[in-house]
Amino acid sequence: MTKPADPIEVYAKLKARIDENKFPIEPIYFELANKIFPGDKEIMPRIMARLANAEQARIVAALPDPGLPAGSGKTMEVSDAFAAGLGMDKAVVTKHIRELFEKGMLFPTKKGPNMARTFLQLHDAALGNPAYDSSLGRIYYDLWGFIEGPMNKPAPKDLRADHTSEFRVVPRWPSIKDVPGVQPFEDARAILKSRDLIALMRCVCKASHTDRWCGIPDESCITLDRTAQYNLDRKTGRKISADEAISIIERYDKFATVHLTVNQREVTQLLCNCHYCCCLAIKFAEKSRFISEVDAEKCKGCMVCVERCQFQANSMKKYDGIEGEKAFSDPEVCRGCGSCVITCKSGARTMKLVRPLEHVPEALSIY
Amino acid sequence: MGLFHCPLGAPYYDDDACIDCGLCYATTSQEKVGASRKIKEYMKAHAARTSAVSKVAVCGKGGSGKTTAVALLTLALKEAGRSVIVIDADESNPGLGRMLGIEGEPQPLSDLFREDGLFSERERFGMDDIPPGFVSAVDGLRFMAVGKIRDPFQGCACSLAESARQIVEKLDLKEGEVLILDMEAGVESFGRGVERHADTILIVVEPSFESIAVAGRIARMAQGMGIGRVGAILNKVASDTLASRTTQELEKQGVKVFGVINYSQELAEAAFEGKPVKDGVAVKEAGTIIAAMQGW
Ligand code: SF4
Ligand code: SF4
Ligand code: SF4
Numbered sequence: 122m123t124k125p126a127d128p129i130e131v132y133a134k135l136k137a138r139i140d141e142n143k144f145p146i147e148p149i150y151f152e153l154a155n156k157i158f159p160g161d162k163e164i165m166p167r168i169m170a171r172l173a174n175a176e177q178a179r180i181v182a183a184l185p186d187p188g189l190p191a192g193s194g195k196t197m198e199v200s201d202a203f204a205a206g207l208g209m210d211k212a213v214v215t216k217h218i219r220e221l222f223e224k225g226m227l228f229p230t231k232k233g234p235n236m237a238r239t240f241l242q243l244h245d246a247a248l249g250n251p252a253y254d255s256s257l258g259r260i261y262y263d264l265w266g267f268i269e270g271p272m273n274k275p276a277p278k279d280l281r282a283d284h285t286s287e288f289r290v291v292p293r294w295p296s297i298k299d300v301p302g303v304q305p306f307e308d309a310r311a312i313l314k315s316r317d318l319i320a321l322m323r324c325v326c327k328a329s330h331t332d333r334w335c336g337i338p339d340e341s342c343i344t345l346d347r348t349a350q351y352n353l354d355r356k357t358g359r360k361i362s363a364d365e366a367i368s369i370i371e372r373y374d375k376f377a378t379v380h381l382t383v384n385q386r387e388v389t390q391l392l393c394n395c396h397y398c399c400c401l402a403i404k405f406a407e408k409s410r411f412i413s414e415v416d417a418e419k420c421k422g423c424m425v426c427v428e429r430c431q432f433q434a435n436s437m438k439k440y441d442g443i444e445g446e447k448a449f450s451d452p453e454v455c456r457g458c459g460s461c462v463i464t465c466k467s468g469a470r471t472m473k474l475v476r477p478l479e480h481v482p483e484a485l486s487i488y
Numbered sequence: 002m003g004l005f006h007c008p009l010g011a012p013y014y015d016d017d018a019c020i021d022c023g024l025c026y027a028t029t030s031q032e033k034v035g036a037s038r039k040i041k042e043y044m045k046a047h048a049a050r051t052s053a054v055s056k057v058a059v060c061g062k063g064g065s066g067k068t069t070a071v072a073l074l075t076l077a078l079k080e081a082g083r084s085v086i087v088i089d090a091d092e093s094n095p096g097l098g099r100m101l102g103i104e105g106e107p108q109p110l111s112d113l114f115r116e117d118g119l120f121s122e123r124e125r126f127g128m129d130d131i132p133p134g135f136v137s138a139v140d141g142l143r144f145m146a147v148g149k150i151r152d153p154f155q156g157c158a159c160s161l162a163e164s165a166r167q168i169v170e171k172l173d174l175k176e177g178e179v180l181i182l183d184m185e186a187g188v189e190s191f192g193r194g195v196e197r198h199a200d201t202i203l204i205v206v207e208p209s210f211e212s213i214a215v216a217g218r219i220a221r222m223a224q225g226m227g228i229g230r231v232g233a234i235l236n237k238v239a240s241d242t243l244a245s246r247t248t249q250e251l252e253k254q255g256v257k258v259f260g261v262i263n264y265s266q267e268l269a270e271a272a273f274e275g276k277p278v279k280d281g282v283a284v285k286e287a288g289t290i291i292a293a294m295q296g297w
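Just so you know, the sequences run in chain order A and B.
First residue of the first sequence: 122, per our numbering; consecutive thereafter.
First residue of the second sequence: 2, per our numbering; consecutive thereafter.
Please note that the accuracy of each hint is not assured.
In silico EDC-like links for lysine to aspartate or glutamate, alpha-carbon gap of 20 Å or less [to be verified]:
(1) B:LYS257 / A:GLU483
(2) A:LYS156 / B:ASP16
(3) B:LYS253 / A:GLU483
(4) A:LYS231 / B:ASP16
(5) A:LYS356 / A:ASP332
(6) B:LYS45 / A:GLU483
(7) A:LYS156 / A:ASP186
(8) A:LYS232 / A:GLU220
(9) A:LYS473 / A:GLU444
Beyond 10 Å from chain B on every Cβ pair, some chain A residues (computed) [said to hold, decoys possible]:
(10) ARG179
(11) GLY194
(12) ASP245
(13) GLY258
(14) ARG323
(15) TYR351
(16) LYS356
(17) ARG372
(18) CYS393
(19) VAL427
(20) LYS439
(21) ALA484
If you're looking for bench data, these hints aren't it; they were derived computationally from the structure.
Backbone N, C-alpha and C define an ideal beta-carbon position, used for all residues, glycine too.
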């Protein structure tokens with residue numbers, strides 16, 4: 122693992138690169154940017170300008186196609202009148218739309234091709250296609266990294282008080298495999314085995330943080346079911362079997378990353394591998410039902426666990442009747458990711474089930 | 002929220018799976034609460050309940066009379082003209098085969114799913130594909146067992162649960178066939194993934210506080226997995242008042258009661274001696290339960 126960088130320094134470098142690479146932008150990009158991120162006159166219009174050329178921008182601005190018959194179902198087609206209205210050849214329009222779909226700017230919706238509705242929808246799609254890396258340029262990814270802000274915000278201690286958690290921590294499987302009462306929604310292997318389709322894609326957060334230092338490969342986002350299909354459709358994912366997915370997460374056990382998924386029982390979206398140097402969601406991710414505990418008698422004081430914890434839950438302390446300082450996990454801070462348990466060479470750490478089933482809501486809800 | 006956050010797994014707004022609940026573009030907390038409510042209602046209403054009853058998992062706390070219930074349901078389904086396949090997936094209970102009138106034990110299914118097993122690579126299979134040694138048949142009923150742990154060093158219950166999961170998932174049923182799975186008891190074993198591919202979950206409940214609470218938890222978990230047809234069978238109920246109170250409590254927990262199997266001496270003796278059940282009244286009661294299940 123590379124040594125941790127200072128998030129503030131990283132961010133300052135990013136800003137310098139962005140300032141150096143100013144380019145003039147047409148008014149139409151402000152119009153597009155305003156649809157999903159009103160108020161931002163600096164960065165989002167430039168992101169739009171990188172994504173779509175002049176012709177493409179005109180197409181996007183004119184969508185959704187009013188000439189499409191209602192109830193035509195999810196489609197990428199546009200009507201002849203739509204192309205004619207723009208004064209473009211329909212074949213050209215279709216080609217542009219396909220490209221913007223692959224880039225993640227346009228989506229085949231029930232109302233025909235349409236632009237992302239929200240900032241995050243665009244973020245999660247438009248950072249995922251490595252095939253366009255060179256045409257979008259590094260500046261494109263820097264712009265995204267900049268808009269996300271420096272990665273040094275402290276993780277809140279009391280999660281539910283001020284924020285609702287869309288994500289939840291899934292423990293590393295080897296850390297809980299011997300704990301009785303593990304449920305399918307917190308068993309990474311069961312989650313993967315129960316899905317119809319799995320596609321591995323490049324992590325969008327990692328793409329926009331080119332200076333990240335977690336060391337984990339870019340291709341670390343395991344998307345599931347419909348999300349997997351979407352990624353296969355636009356060639357941003359590669360289909361893998363459940364067993365392959367399991368071997369991938371096993372290989373990633375050496376990184377100090379945390380599995381996150383949507384905070385509900387049925388996991389049908391993704392299972393990801395997150396690190397605080399680049400992940401937007403990790404700070405607010407809900408705790409798992411487990412916490413990590415130390416057997417001070419067995420602990421050798423190597424401090425690997427202190428380094429690995431993404432939430433600063435681990436520290437060293439003096440225990441009564443035991444010589445030297447030994448590791449300690451703050452039960453209030455630990456989110457139960459199991460990362461420190463699987464790398465404790467002296468077997469001093471175990472996971473303990475501490476929260477009831479109800480801790481994980483049936484459906485993601487904002488309470 | 003972005004691409005990966007939709008509770009229904011729609012990859013983006015206005016995808017075919019999107020119901021426009023508004024959660025992904027909600028900004029105020031009021032909007033968020035409203036959207037969450039829509040999603041919950043939708044999930045409740047659309048969990049897989051429309052399908053015909055074909056794979057039924059029966060579970061319940063140890064001692065709740067689950068084995069007896071399975072035996073009765075089997076008889077009632079047989080009387081209703083279905084071809085019944087029973088899988089004993091409860092490695093802790095030895096009595097089911099005998100209560101169904103099966104002599105001897107079939108070869109354990111876990112042998113089929115071992116790494117070197119016949120089905121280790123199979124994606125789908127039908128009953129006809131299963132070699133005869135693994136199935137004990139008596140008139141209109143086929144019985145299989147996942148395996149039992151006799152020797153504590155032989156392997157853990159998880160691998161047996163894994164075989165059970167595979168068979169429930171991969172077995173294609175023919176018209177008229179119905180699968181009943183006698184699951185390991187209790188809430189902690191629920192969730193090894195065995196029940197995910199069932200379309201119906203029956204929880205056997207006896208009138209006790211603990212049993213009711215366990216039923217509530219199992220029902221919530223099953224619904225969370227998208228299994229919509231989840232209900233309870235009351236067993237060992239000595240009086241009508243007790244039955245109606247238990248029903249009320251269960252409904253408070255969100256568990257629908259499919260029916261009651263009344264306590265009878267004949268049943269108790271059959272269970273005690275591990276003899277085939279024949280009690281006509283109880284089989285009729287089980288028939289009512291099946292009707293309730295199908296109508297749900
Ligand atoms: S990794 Fe294990 S041995 Fe090392 S400090 Fe942590 S608990 Fe102690
Ligand atoms: S102490 Fe930190 S690394 Fe260990 S399980 Fe808790 S959150 Fe994970
Ligand atoms: S509106 Fe609701 S159902 Fe549609 S994509 Fe957003 S969260 Fe999913």
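Hints, one by one, checked against the model:
1. In summary, the hint linking LYS257 of chain B to GLU483 of chain A is supported, as the alpha carbons are separated by about 18 Å, within the 20 Å threshold.
2. Restraint check: the Cα-Cα separation between LYS156 of chain A and ASP16 of chain B comes to about 19 Å, which is no more than 20 Å; the hinted pair holds.
3. In summary, the hint linking LYS253 of chain B to GLU483 of chain A is supported, as the alpha carbons are separated by about 17 Å, within the 20 Å threshold.
4. At roughly 6 Å between alpha-carbon atoms, LYS231 of chain A and ASP16 of chain B fall within 20 Å of each other, so this suggested pair holds.
5. A C-alpha spacing of about 25 Å is found between LYS356 of chain A and ASP332 of chain A, which places the hinted pair above 20 Å, so the restraint is violated.
6. A threshold of 20 Å between alpha carbons decides the hint, and for LYS45 of chain B with GLU483 of chain A the separation of about 10 Å falls inside it, so the pair holds.
7. A C-alpha spacing of about 16 Å is found between LYS156 of chain A and ASP186 of chain A, which places the hinted pair at or below 20 Å, so the restraint holds.
8. Under the criterion of a C-alpha separation no larger than 20 Å, the hint pairing LYS232 of chain A with GLU220 of chain A is consistent with the structure, at around 18 Å.
9. A threshold of 20 Å between alpha carbons decides the hint, and for LYS473 of chain A with GLU444 of chain A the separation of about 25 Å lies outside it, so the pair is violated.
10. The beta carbon of ARG179 of chain A sits about 21 Å from the closest Cβ of chain B, which is more than 10 Å, so the claim that it is off the interface holds.
11. For GLY194 of chain A, the non-interface assignment is contradicted: its Cβ lies about 7 Å from the closest Cβ of chain B, within the 10 Å cut-off.
12. At roughly 3 Å from the closest C-beta of chain B, the C-beta of ASP245 of chain A falls inside 10 Å, breaking its exclusion from the interface.
13. The beta carbon of GLY258 of chain A sits about 22 Å from the closest Cβ of chain B, which is more than 10 Å, so the claim that it is off the interface holds.
14. With a closest Cβ-Cβ approach of about 13 Å to chain B, ARG323 of chain A is found to remain outside the 10 Å limit, as its non-interface label requires.
15. At roughly 4 Å from the closest C-beta of chain B, the C-beta of TYR351 of chain A falls inside 10 Å, breaking its exclusion from the interface.
16. Non-interface status of LYS356 of chain A relative to chain B is upheld: no Cβ of that chain comes within 10 Å, the nearest being about 14 Å off.
17. With 10 Å as the threshold on Cβ separation, the claim that ARG372 of chain A sits away from chain B holds: the shortest Cβ distance comes to roughly 21 Å.
18. CYS393 of chain A, annotated as away from the interface, has a beta carbon of chain B within 10 Å; the closest lies near 8 Å.
19. At roughly 31 Å from the closest C-beta of chain B, the C-beta of VAL427 of chain A stays outside 10 Å, upholding its exclusion from the interface.
20. No Cβ of chain B approaches the Cβ of LYS439 of chain A within 10 Å, the least distance being about 37 Å, so the stated non-interface status holds.
21. With a closest Cβ-Cβ approach of about 5 Å to chain B, ALA484 of chain A is found to fall inside the 10 Å limit, against its non-interface label.
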